[in-house]
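Those protein sequences? They're chains A and B, same order as listed. For the first sequence, numbering that gives the first Met the number 0 gives the first residue as 0, with consecutive numbering after it. For the second sequence, numbering that gives the first Met the number 0 gives the first residue as 0, with consecutive numbering after it.
Hints should not be assumed to be uniformly reliable.
What the hints assert, rightly or not - Quick list of in silico lysine-lysine cross-link-like pairs, DSS-like style, CA-CA up to 27 Å:
| id | chain 1 | residue 1 | chain 2 | residue 2 |
| --- | --- | --- | --- | --- |
| 1 | B | LYS427 | A | LYS107 |
| 2 | B | LYS380 | A | LYS107 |
| 3 | B | LYS394 | A | LYS109 |
| 4 | B | LYS427 | A | LYS109 |
| 5 | B | LYS380 | A | LYS17 |
| 6 | A | LYS109 | B | LYS380 |
Because the hints were derived from the structure by calculation, they are not lab data.
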Amino acid sequence: MLEINNLHCQIEDKPILKGINLKINKGEIHAIMGPNGSGKSTLANVISGHEDYEITKGNIYFKDQEINELSPEERAHAGVFLSFQYPVEIPGVTVTNFIKTAINESRKSKGQEEMPSSEMLKKIREKASLLEIDSNFLSRSLNQGFSGGEKKRNEIFQMAMMEPELAVLDETDSGLDIDALKIVANGVIKCSNENNSVLVITHYQRLLDYIVPDFVHIIMDGKVVKSGDKDLAKKIEDIGYDWLKKDNS
Amino acid sequence: MKFQEKLLDSFIAFEQDIDLLSPIHIDRKNALKRFEKQGFPSKKDESWKYTSLKSIIQKNYNLSSKSDKSVELRDVKEYFLNDLDSFKIVFVDGIYSPFLSKTTHDGMDICVLSAALSKDKYKSTLKKYFNQIVPKDQSLASLNTSYTKEGAYIYIPKGACPEDPVQIMHISTGNQESIWLQPRNLIIADKNAKVEIIERHQSLKDHSVVTNSLTEIYAEKNSFIDYYKIQNDLNSATLIDNTFISQQRDSNVSVHTFSFGGKLTRNNLNFYQKGENIQSTLKGITILESNQHVDHNTLVNHEQPNCESHQDYKGIFSDRSVGVFNGKIMVEKIAQKTNAFQQNNNILIDNNSKVNTKPQLEIFADDVKCSHGCTVGQLDKEALFYLKTRGIPEKEAKALLTYAFANNILESVKTPNLKRRINSLIAKKLGVNLGFDL
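Generate coordinates for the entire structure from the input sequences, incorporating the hints supplied.
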């Protein structure tokens, strides 16, 4: 699904990723952990095509196609989704209208007709209930005045609507209380199947109790320094990252 | 001959056409004298520093036109708000078109100034209101006053309220290559009256039209007036809008200005608060491109205590367009407990557009709340990235963010039909289908 080979990237001449290798197969859930400033969010942004980050070396392949030069919208149309750590507020555009626009733009890019309203409404209702979102919420302006939990729930609602093949969740758990965390995690689990993949970026092992990863990778100073299974996340939670620093040096 | 001289010389010819015994004729003559002395404003005038009329007044214009009865409803229908059978006052090349209009004298006066000037029963009202709040030191206002002949006349008596918005439409046919129009409007809402008004200037084809319009608005005690200016003319049109609003106690007046078109537009919008507990609202959305120029020059004069004013202007500029905002708030010594708010936020879509924004506060009272702020920025890159990761292409994403930026101005537009119309004008102006019913 996703293959990253020796990826180097920089922002304003400052190198951040220094040779990332990562392979995610169809149906797998991967988690990335690492201390602050290690390059986790950068990796999420680069996968989605953020234009501020310059790839200086290496390649990103999505479904066996190199996507280094694709724009964020082209990647979205191909099936990449990024759940934001800090979703943007858009006053005057309701959640419903926003998601309609997003879905129909993707369909348009594939030469498909707009989704019929009845089908759209049915889908919205179905996915909203999955995330325990009520209908008032859907007619509010996107993210405007939303609590932290509502913002994250709305991100996963968008993911559920867009049905991406690769979902990158950037610190979707930060700022969530345990009830909100369960709802969000449950939404992700229900959407994941053998045909799609999830990349979870997190500081805390807590989310991984609910979204159980097949693989866990530790990033430090722009490189994957250790990969393992879910027990690696538990170890990090218990003893931190220091032992990896020594290992690495 | 310079155009300014033509304006002065043509007055004699103009006098052939009007009632010289009318009590307002002395106002005309005095105003002409002032204009002769003042001349057109130049960049030396502080309030005209960023807007030049030089290239406009170098040209020559016809000052009068023949009545054109060939304009049919179907030619202009799209510029009206809806097909509703509401009151309309329509002028074609400055001449009233009874055929396109729907006026009334039943329970209220929604008609034309020439009719009010010609009838005795309006004498006392005209005496009380005509030219009472127009400052003597503004030359363009003087020029308009000197050529007072035609315009909208609206008088809503005590407690009355027309059901639908009244539409004032100035159509310019382009029958003459260049024309200078000077509509003069007088609008009065008596005690407890309520009225909504939509004003629009529209050219039917590219030609050189300059409109130097003057509107006096009087809001008596506890009256409500919502005034909407839709400025979406062709790129060959120039509009100088002089609006003066006098408010009595407990009245509430709002003016929304939507500037999406025209070559050059100057809005002189002046509020005078003459009583206590007054609300004044000034809002605007300006979306410009291709060398267009819009200048908002506002004044709110807080003359009495316990009043509020709220100004919020949003501007979006691209492709060598220029925006100017010059907002003055004056709080007189007795105007304690004034609450005045002013905000002007702008987005420059590209590097070759320009905004000059200048708030001006003069406060002589010591117990007031006044705030002002202005920003000039660009679309938020992170927000753009967010939309793009949702599969929304760059152009649509920019339009959506631009729409979101301006959106709060629309919240106070009360008529749903009008709100929809403004929304669709915005979508058209941004060159996109925003993808949903606005």
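For each hint, the structure was consulted:
1. The straight-line distance between the Cα atoms of LYS427(B) and LYS107(A) is roughly 20 Å, inside the 27 Å bound, and the hint therefore holds.
2. Between LYS380(B) and LYS107(A) the alpha-carbon distance is near 24 Å, which keeps this suggested pair within the 27 Å criterion.
3. Our distance criterion of 27 Å between C-alpha atoms is met by LYS394(B) and LYS109(A), whose separation comes to about 18 Å.
4. The hinted pair formed by LYS427(B) and LYS109(A) meets the criterion: a straight-line CA distance of about 25 Å does not exceed 27 Å.
5. Restraint check for LYS380(B) and LYS17(A): satisfied, since their Cα atoms lie roughly 25 Å apart, inside the 27 Å limit.
6. Note on LYS109(A) and LYS380(B): the hinted pairing holds, with a Cα-Cα distance of about 26 Å set against a maximum of 27 Å.
No hint from the list above goes unmet by this structure.
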